[in-house]
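Colleague: One line per chain: the protein sequences are A and B, in this order.
Quick note on the working numbering: the first sequence kicks off at 1 and runs consecutively.
Quick note on the working numbering: the second sequence kicks off at 192 and runs consecutively.
Since the hints were made in silico from the structure, they are not lab data.
Quick caveat: nothing in here was measured; it's all calculated off a predicted structure.
You may find that some hints are simply not true.
To be verified - A partial selection of chain B residues facing chain A, derived with a Cβ cut-off under 8 Å:
#	residue
1	Glu-198
2	Ala-203
3	Leu-204
4	Ala-206
5	Arg-241
6	Leu-245
7	Asp-247
8	Pro-251
9	Val-252
10	Leu-253
11	Trp-259
12	Val-262
13	Ala-263
14	Ala-268
15	Leu-409
Ideal Cβ placement from N, Cα and C applies to all residues, glycine included.
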Amino acid sequence: MHEASSASRSENRALLVSAIHLAASGDAAGLRNVYDLTSAKLFGICLRICADREAAEDVLQDVYVKVWRRAASFDASRASPVSWLATIARNAAVDWRRAEHRHDAMPDKAMAAIADDAPLADALMEGDEERRRLLVCLEGLPSEQSSAIRSAFLQGFTYQQLAERSDTPLGTVKSWIRRGMLRLKDCLGHG
Amino acid sequence: MVDAAEEQDRGALAAELALGLLEGAERAQALRLCLSDPVFAREVEGWTTRLSPLLDTLPPVLPSSRVWHTVAARIGAAPEAPSLNRLHAWRAGALMSGAVAAALALFIVLRPVEPTARMPMAVSQLKGTDEAQVLAISYDPRKGILQVGSQAEPGDGKRAELWVIPQDGVPRSLGMMAHQGGAIPVDPAMRPLIAAGATLAVTMEDPATAPHAAPSSLPVMTGKISMI
């Protein structure tokens with residue numbers, strides 16, 4: 001059972017990589033395949049962060065237009081296709097949240113640099129192993145630290161919003177995050 | 192030279208940017224640093240990579256079909272992307288539509304398409320990528336005839352081809368469908384394949400070369416067969 005699911009995962013990964021390559025060659029059918037394979041997953045990410053269905057769909061459109069434009073820069077030897085796409089989706093959704101609350105425009109090139117210089121993930125990125133280790137390390141943190149990290153990453157909250165939500169001084173929230181991130185890095189580095 | 196305290200601040204800033212905590216001027220400044228300082232940019236990427244497995248824990252949600260239509264318009268493609276002559280692409284679609292079909296199966300209403308039918312029948316309600324698109328198909332095993340509802344007429348010279356995909360996952364053509372619907376006689380050799388649990392799928396194909404050994408594009412509609 002486990003073998004079968006890992007075989008189908010690597011088959012899906014290969015399909016996704018070939019669809020991204022096809023899109024990179026300028027073939028819209030490639031993008032359509034990428035969309036069919038990933039839109040539900042990426043929409044789940046946009047929806048969680050935007051917390052508004054219509055806005056999340058607008059962001060999702062931008063995500064696939066970005067994928068179309070950046071497909072040629074995708075490097076399968078450096079990044080897992082799913083985490084490359086998930087990162088573009090998350091960045092776009094966070095960007096929408098920031099733009100929604102304040103209108104100082106983000107330097108667009110900088111956002112592009114982040115997603116284009118894609119995650120330095122190795123081939124295991126989609127494996128359960130990576131996720132398991134991350135979750136174990138997060139659970140090892142004091143609960144206020146891990147929940148602040150999760151809320152920031154998965155819901156797009158700013159320091160200010162985290163402080164308001166937990167009814168905690170801003171400085172305390174900052175120190176939760178900074179300590180938590182240092183310990184997390186340590187745990188992942190040596191786990 | 193960057194001293195230790197500054198390096199630590201940089202590290203914290205990279206983590207904060209990757210987490211999306213910064214806003215306004217701080218965020219703009221950190222983003223500029225990404226452009227000017229490759230070491231900092233790599234640090235941000237490192238964090239994004241470490242945290243990205245968390246994104247896997249979010250449940251997938253199907254977006255509405257308007258998303259693809261808008262994307263297609265923005266990249267200058269036809270809304271239904273041109274076909275892809277590769278079987279593995281079909282399989283990708285079939286895998287995906289397997290998941291979609293499983294979700295849509297909840298919406299299938301098990302009732303005879305023709306109320307007068309008395310004999311056991313197979314029905315399938317196919318749902319398209321556009322939610323508004325629903326196609327009812329019934330099958331009379333006595334006569335070996337499929338009754339197909341009407342569908343929108345495609346404008347690109349292609350026509351809808353109906354496929355049955357049994358448990359082995361290999362699609363077999365049941366023939367082309369007229370957009371106004373009607374009866375499709377099923378080849379006797381294919382009849383046993385039209386059974387509960389098999390999937391019906393529709394792809395858009397060139398009518399001149401039909402029937403085809405394999406689909407050339409992703410399905411536009413899929414549905415499971417139920418016996419009633």
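Colleague: Look at each hint and say if it fits the structure.
Modeller: Hints, verified against the model:
For Glu-198/B, the shortest C-beta to C-beta distance to chain A is roughly 13 Å, which exceeds 8 Å, and the interface hint is violated. A least Cβ separation of about 5 Å between Ala-203/B and chain A falls short of the 8 Å threshold, and the interface hint therefore holds. The beta carbon of Leu-204/B is not positioned within 8 Å of any beta carbon in chain A (closest approach about 10 Å), and the interface hint is therefore violated. This hint holds: Ala-206/B has a C-beta 4 Å from the nearest C-beta of chain A, less than the 8 Å allowed.
At a threshold of 8 Å, the smallest CB-CB gap from Arg-241/B to chain A is about 6 Å, leaving the interface hint in force. Checking Leu-245/B against chain A: minimum C-beta separation of about 6 Å stays under 8 Å; hint holds. Look at Asp-247/B: its Cβ gets to within about 6 Å of chain A, closer than 8 Å, so that hint holds up. Using the Cβ-Cβ criterion of 8 Å, the hint placing Pro-251/B at the interface with chain A is satisfied: the shortest such distance is roughly 4 Å.
Nearest Cβ of chain A to the Cβ of Val-252/B: about 5 Å, under the 8 Å cut. The hint holds. The criterion of a C-beta within 8 Å of any C-beta in chain A is met by Leu-253/B, whose closest approach is roughly 5 Å, and the hint holds. The criterion of a C-beta within 8 Å of any C-beta in chain A is met by Trp-259/B, whose closest approach is roughly 6 Å, and the hint holds. The closest approach between the C-beta of Val-262/B and any C-beta of chain A is roughly 4 Å, which is under the 8 Å cut-off, so the hint is satisfied.
Restraint check, Ala-263/B versus chain A: the minimum CB separation of about 7 Å is within 8 Å; hint holds. Interface restraint check for Ala-268/B: the shortest CB-CB distance to chain A comes to about 3 Å, inside 8 Å, so the restraint holds. Of the supplied interface hints, the one on Leu-409/B holds, with its beta-carbon coming within about 6 Å of a beta-carbon of chain A, less than 8 Å.
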